[in-house]
Amino acid sequence: MLETKDILETINMIDNENLDVRTITMGISLIDCIDSDIDKACDKIYDKICRYAKDLVKTGEDITREYGIPIINKRISVTPISIIAGVCQTQKILKFAKALDRAADTLGVNFIGGYSALVEKGFAAGDYALIESIPEALSVTEKVCSSVNIGSTKAGLNMDAVRMMGKAVVDSAKLTADRNCIGAAKLVTFCNAVQDNPFMAGAFHGVGEADCVINVGVSGPGVVRAALEKANCKDITEVADLVKKTAFKITRMGQLVAKQASQRLSVPFGIVDLSLAPTPAVGDSVAHILEEMGLEICGCHGTTAALALLNDAVKKGGVMASSHVGGLSGAFIPVSEDHGMINAVKQGALDITKLEAMTAVCSVGLDMLVIPGDVTPETVSAIIADEAAIGMVNSKTTAVRVIPAIGRKAGDELNFGGLLGAGPVMPLRKGSAEKFINLGGRLPAPLQSLKN
Amino acid sequence: MKAVITVLGKDSVGILSKVSTACAEVGVNIIEVTQSVLQDMFAMIMLADIGGATVAFDQLQKNLEKVGEDNNLKIHVMHEDIFNSMHKI
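First to last, the sequence lines map onto chains G and S.
Add 1282 to the 1-based position in the first sequence for the numbering used here, that's all there is to it.
Add 281 to the 1-based position in the second sequence for the numbering used here, that's all there is to it.
A few of these clues could be false.
Said to hold, decoys possible - Covered stretches of chain S (chain G as the covering partner; in silico rule of three or more C-beta atoms under 8 Å from a C-beta of chain G):
id, stretch
1, 318–332
2, 344–350
As the list claims (entries may be wrong) - Derived DSS-like pairs (lysine-lysine); straight-line CA-CA distance at most 30 Å:
id, chain 1, residue 1, chain 2, residue 2
3, S, 343, G, 1541
4, S, 343, G, 1336
5, S, 369, G, 1597
6, G, 1287, S, 369
7, S, 283, G, 1527
Just so you know, the hints here were simulated from the structure itself, not pulled from any lab data.
Bear in mind the structure is a predicted one, so any value in this text is a computation, not a measurement.
Every residue gets a Cβ at the ideal spot worked out from N, C-alpha and C, and that includes glycine.
Here chain G stands alone, though its shape is the one from the complex (with noise of 0.2 Å):
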């Protein structure tokens, strides 16, 4: 028997506390796509696509009805375009990606993900094209998002793949700068990249997966905060205990709306990511949980542990609520997206150093950062290499996605619109890393026993 208090909590969440799924993301498979005539394999890749993901946008709108839970975006990941391309003419590579954009139009989905390439240990054939296309690509298309894992525990860091995202992140903030960077804002360097992840900008279909696979990504910081607030917990025990049993609920509906997207659709259910997902909207944010936890502001000393505390007790809650869990799981932490975070930063509380020392024990990495204009490539490799250096060293995911605000100084603003929302331009660390950076070749990896 269903009972008053659970109907109505549950009612509130959405209604009040911004409870959604962020995401149902359609995995698709490129392989069989294969073919060295590029218009062929293009050809190829725009029907499958829209055939497998015909019926997505609608899927999600029908649950989002018959449920009452709102379904924020709907998506598609494929398989890092770079080894589709490896047998073409790499020279025209550009057409993949304009491909994608046509396939994501026509479905109606918000971003289609896999304008990837997986660099951690060296370069392969349509690598290197793929990677220095992505300016480019990014620039004359809207919904492509590229990737590229450049590091990894077991393989070290590709410093030479280090060096040219550095100046990709530039370059794509650059000629998309009429459009307030956003070429950037659509590029994620990754290490130890998950290949399952259903959350944009970094989603793609890893090779190992099925031919299609539907994953989701639950969001619900609103909740998780309203929890802390109504609960006056007495010790930190109490706080871990809370946020597990709300991301254990949070989950759950994730799983059902995973288990039904993928009944529907007729496509196996892959895994749902349990990723407490801000938004820029008032109420929807991962600092004010932390902030009511009982810190006076995001990024004062003591942050770190409370995200450590937030990231593991929401994986904890959910691992028992879905029957597969993957992806990224944890606390997110975009600055330009999560309005307590932009607060934290305009007060001075919180900057780069800070971001960094949170990103050790959050689910990502310096994510929505928006940084001065005039950064030079080899500084963005610096900060690729150091946050590529954390995830190797600690085992995890973590990522970089900077977008340099061209023509913009630290303390100016730079607004997105949307999901992305808007950003303080913040200031960079002092002194140059051209010389380490431009040293190229591989950072070996790390030993994994004697672990101080």
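Please build the complex by placing chain S on the supplied structure of chain G, with the hints as guidance.
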């Protein structure tokens, strides 16, 4: 299929009758009703069998939303599974 209909708002005369009339008109069978009035806030929850409904689910939602708007109430119609999955192991 069963749906949970929740009605929230300021108490007034005839809420139960208006909502149940809207349900009956389209063949929705109300199985259970619980309601509480706290001061002048009204909360009613109905479990309804919509298997025999003569209209589609989204039309039923629209009908009841209209009743809600006309009477200054917030009415939700949701599949019961969302509550089962969130609150039961």
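Taking the hints in turn, this is what the structure says about them:
1. Residues of the stretch 318–332 of chain S with a Cβ under 8 Å from some Cβ of chain G number 3, which satisfies the need for three, so the listed coverage holds.
2. Here's how the stretch 344–350 of chain S fares: 0 of its residues keep a CB closer than 8 Å to some CB of chain G, so the rule of at least three is not met and the hint is violated.
3. Proximity of residue 343 of chain S to residue 1541 of chain G is assessed by CA-CA distance (about 26 Å); at most 30 Å being required, the pair is judged to hold.
4. For the hint pairing residue 343 of chain S with residue 1336 of chain G, the CA-to-CA distance comes to about 27 Å; that is within 30 Å, so the pair holds.
5. Of the pairs offered as hints, the one joining residue 369 of chain S and residue 1597 of chain G holds, with about 19 Å between alpha carbons and a cut-off of 30 Å not exceeded.
6. The hinted pair formed by residue 1287 of chain G and residue 369 of chain S meets the criterion: a straight-line CA distance of about 13 Å does not exceed 30 Å.
7. As the CA atoms of residue 283 of chain S and residue 1527 of chain G are separated by approximately 26 Å, the hinted pair is consistent with the 30 Å bound.
Checked against the numbered hints given earlier, the structure breaks only hint 2 and satisfies all the rest.
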